[in-house]
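So the protein lines, in turn, are chains A and B. Under the numbering used here, residue 1455 is the last one in the first sequence; the count climbs by one each step, no gaps. Under the numbering used here, residue 1203 is the last one in the second sequence; the count climbs by one each step, no gaps.
Among the clues, some could well be false.
As the list claims (entries may be wrong) - What follows is a list of derived Cβ distance ranges for each label pair: (1) A:Arg1358 x B:Ser1002: 38 to 44 Å; (2) B:Ser1002 x A:Ala1331: 24 to 30 Å; (3) B:Ser1002 x A:Arg1356: 45 to 51 Å; (4) A:Gln1403 x B:Glu972: 43 to 49 Å; (5) A:Asp1352 x B:Asn1075: 53 to 59 Å; (6) A:Thr1384 x B:Asn1055: 29 to 35 Å; (7) A:Arg1358 x B:Asp1070: 44 to 50 Å; (8) B:His1144 x A:Phe1436: 19 to 25 Å; (9) A:Lys1424 x B:Thr1071: 40 to 46 Å.
As the list claims (entries may be wrong) - Listed next, the in silico DSS-like pairs over lysine-lysine satisfying Cα-Cα at most 30 Å (straight line): (10) A:Lys1424 x B:Lys1033; (11) A:Lys1424 x B:Lys1106; (12) B:Lys1033 x B:Lys978; (13) B:Lys978 x A:Lys1424; (14) B:Lys1145 x B:Lys1016; (15) B:Lys1016 x A:Lys1327; (16) B:Lys1022 x A:Lys1327; (17) A:Lys1327 x B:Lys1025; (18) B:Lys1111 x B:Lys978; (19) B:Lys1025 x B:Lys887; (20) B:Lys1025 x A:Lys1424.
I should point out that these hints are in silico values taken from the structure, not numbers from a laboratory. Since this is a predicted model, take the numbers as computed values, not measurements. By construction, the Cβ of each residue, glycine as well, lies at the ideal position given by its N, Cα and C atoms.
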Amino acid sequence: MLKPILLVEDNPHDLELTLIALEKSQLANEVIVVRDGAEALDYLYARGDYAARQRGNPAVVLLDLKLPKVDGLEVLREIRTTPDLRAMPVVMLTSSREEQDLIRSYELNVNAYVVKPVDFKEFVRAISDLGIFWAVLNEPPPGSHRYVRPQN
Amino acid sequence: MTNASTTLDLGSCDREPIRTPGSIQPHGFLLALDAGGTVVQASENVESYLGKPPEAVLGCTLADAVGADAAVQLLPELGRGQVRERPGFVATIRLATGGTGGFDVLAHYYDELTMLEFEAVTRSGAADFRHVFPLVGDFLQQLDDNDTVEDMSRTAAREIRAVTGFGRVLVYKFDNDDHGHVLAESNDGSLPSYLGQRFPATDIPKQARELYASNRIRLISDANYRPARLVPADNPVTNAPNDLSFAALRSVSPVHLQYMRNMGTLASMSVSLMVKGRLWGLISCHNAAPCHVPFDKRTACEQLGQILALRITSREDADELQFRLEVRRTMVSVLAGLTQGADFVENMGSVFPQLLHFARAGGAAVVVDDRVVTFGDTPDEPQIRALIGWLDQHTHGDLYHTDRLAEQFPAARAFQDRASGLLAMPISRIHKHYLLWFRAEFVHTVDWAGNPHDKETVPGAPQQLSPRTSFASWRETIHGRSAPWHPGEIEMALEFRTALLGIALERAEQMAELAEELGRANKELEAFSYSVSHDLRAPLRHIVGFSDLLLEAAGSDTPEKRGRFLKNIKESARLAGKLVDDLLSFSQMGRASLRPVRVNMNDLVRSCVDKLMLDTQGRNVQWHVGSLPEIVADPTFIQLALYNLLSNAVKFTGQKDPAIIRVDGRTSAAETVFEISDNGVGFNMDYVHKLFGVFQRLHRMEDFQGTGIGLANVRRIVERHGGRVEAQSGPRGGATFTFTIPNTLPSV
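The shape of chain A in the complex, shown without the other chains:
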């Protein structure tokens, strides 16, 4: 059973490009897309529209920094202060090179901070690397579902 990747992205163009990049990296993981911070938290807490979802945390959260309503940093803070979610890998995926965003993300113990490259090839590579590292290579925290390599 592959653990899903949670993609939190509000911008439709970014979403499309990210999904295309993930597709290109040929990861088999399910990608769950949520469109803002509030929805992301609903998913993580398995509440609201996601009350009936399968139990367990995603392999990684790809989190856009700038979101309507609850922004990426607030979602990150929420994750890090919730015992069941605290250990989950979170990658900040953003357009911002602002030092302040970087500092605040690391203060909240982000696992990685990736600035979306402007060049599309680089963008695809970045997303692909991220997916492979966090969803495949990375050993998830204990208590999570074990990663099972799919049979080709």
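Following the hints, put chain B in place on chain A, whose structure we already have.
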């Protein structure tokens, strides 16, 4: 020198019972009548006038005492209520006992006795008051409106000498320390001149000054007289010594008589000059030989004294008014200068010349925030700092002033030439901020009639009281003093301080406002650069991404996919362009100045609606626009704000059929309130605090297009007009935006 001065010495003068001497001067005699008209007291010298001892007179009627003829002249004038506290002339009589001269009879009522004073006069006829009026008339005629107090005093001295025949007439004034200063003199040369000299305050004891104030004229005809005691010694009605305050014949202290003899003046007369209820000075007459001035002439002198005092009052009032007007004029120009520029200390510096003029000072300094700025003749900077330190410790209140700084602050001796006088004005309640004025030392010589510092060493005489013996002029040079600060200057300085604190307060408020404005601008600048790095990067990245995808696939993709990619590219490019535009307009909004005029809001809303209808073709939008009040505002900005709010409403009612948008307005006393409400999707009130932030969106991009700057613009426009903006969303959607415009715009 003064004829009534008792004297100096050992402080006992202040306790001498000068109102109740128990005797009179013997150039006349006194009879006191009780309510029934019986003589109950007489001076012991009646014998020399009436030929019978005082004991023989006591118990008599007036007729028995002075003869029926005289009594017939007097009695009708002594009826109830006719005799007052101050002596009035009753008649000139001749006595049955003979003698060549007549008697001017004066009556006054005091301590339940009718006191009759019989002053011997050489003329045989009645006192003639006709020359009172020419004297006063002449005097008034000689005065000019432009005369100084000295001029007027000189004229008065001359007139009085002519009327009385005294050898020397002085007019002198008491200064603030009660020292006497001779302002004017008329002198026939028989006595030395005292013009310009000063007499120490101690020459006239306190109770003598009080007596001068209540009884305005006093004559001593002959300093060598032998006082005539009253028989019995006490007032038989009150059983206390008679208060002779108002008796013309009242005897004076033997000390004073000695004083007169020492001065070589055997006769003296003084007329009190009362200005605004205060003993301002005296007209003081002296003669080397004994000299009697009859009642009628004394009355003339008294009248003249009153006229002079009135003229002095009006002259001093006019001078004071003129002075204060001048000071105020200067103060107004200083205050006007102070509000010119931004830097208070620099402004202060620009009005230094007026500041000096304002306080008639030689130097001035402003001490603010450890900055010391000086102008004119001042102590140097370290000295000023030391002075500030001392002031801070030793002075309290709104103002400190002295005309002898070194006496208070010994370190000031080092710069007393420049700054013997100091007017220090604290201009902050918290900090050591001061405005200082310095007055240079005013070295002057004082001509004392006798050395005032020696008087304590004079005793040794056998009597308890010893009069001054030396009147030789003694010259003293005064150091470490400046010209005194005028009460008008002090008052004006206090007023100035209030105005100054007002300015400072206003300035502080402006600073706070500026700081707030600056903080806001800074935040916006941050948001600005953030959005350039973030928001603008996104559409560019999308353009590049979808272009690459198009190139990469080159024909292998479906036409639908290619079409979508192209559409994405176009959208992204448009968004990037709009972002740049919005950013520009937002930054302009902060800089451009408002041009407020009367704005018809109905017209403004109509034009916005017309424009929006072009974008909403095919949609069912119902507009409900009430009758909107006029406001005073910048129409371009207000239109932009309205447009943003209305297009917001149009945007968020996109899924509604019909969309209902209402615009209403109402005016209260202070502000005009506008309300734009819709039945759209509304927003989550949890995030209302983000609503008006720059580049904040509460909805997903594809749901509602926009750069997230529109509401930030609205807030900026409204706040620049001094108003506020609020948003409200109900639980079932719909949004209401309210903004207010004050009826009086802020002056920014």
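The hints, checked one at a time:
1. A:Arg1358 x B:Ser1002: 38 to 44 Å: For Ser1002 (chain B) against Arg1358 (chain A), whose Cβ atoms are near 42 Å apart, the range 38 to 44 Å holds.
2. B:Ser1002 x A:Ala1331: 24 to 30 Å: holds (29 Å)
3. B:Ser1002 x A:Arg1356: 45 to 51 Å: Distance hint for Ser1002 (chain B), Arg1356 (chain A) is violated at roughly 37 Å.
4. A:Gln1403 x B:Glu972: 43 to 49 Å: Cβ of Gln1403 (chain A) to Cβ of Glu972 (chain B): about 23 Å, so the range 43 to 49 Å is violated.
5. A:Asp1352 x B:Asn1075: 53 to 59 Å: Violated, since Asp1352 (chain A) and Asn1075 (chain B) (Cβ atoms, about 31 Å apart) do not stay within the stated range.
6. A:Thr1384 x B:Asn1055: 29 to 35 Å: About 54 Å separates the Cβ atoms of Thr1384 (chain A) and Asn1055 (chain B), which means 29 to 35 Å is violated.
7. A:Arg1358 x B:Asp1070: 44 to 50 Å: Given about 47 Å between the Cβ atoms, the range holds.
8. B:His1144 x A:Phe1436: 19 to 25 Å: violated (37 Å)
9. A:Lys1424 x B:Thr1071: 40 to 46 Å: holds (42 Å)
10. A:Lys1424 x B:Lys1033: holds (27 Å)
11. A:Lys1424 x B:Lys1106: violated (36 Å)
12. B:Lys1033 x B:Lys978: Roughly 21 Å separates the two Cα atoms, so the pair holds.
13. B:Lys978 x A:Lys1424: violated (35 Å)
14. B:Lys1145 x B:Lys1016: violated (36 Å)
15. B:Lys1016 x A:Lys1327: holds (16 Å)
16. B:Lys1022 x A:Lys1327: holds (22 Å)
17. A:Lys1327 x B:Lys1025: holds (24 Å)
18. B:Lys1111 x B:Lys978: violated (37 Å)
19. B:Lys1025 x B:Lys887: violated (66 Å)
20. B:Lys1025 x A:Lys1424: holds (20 Å)
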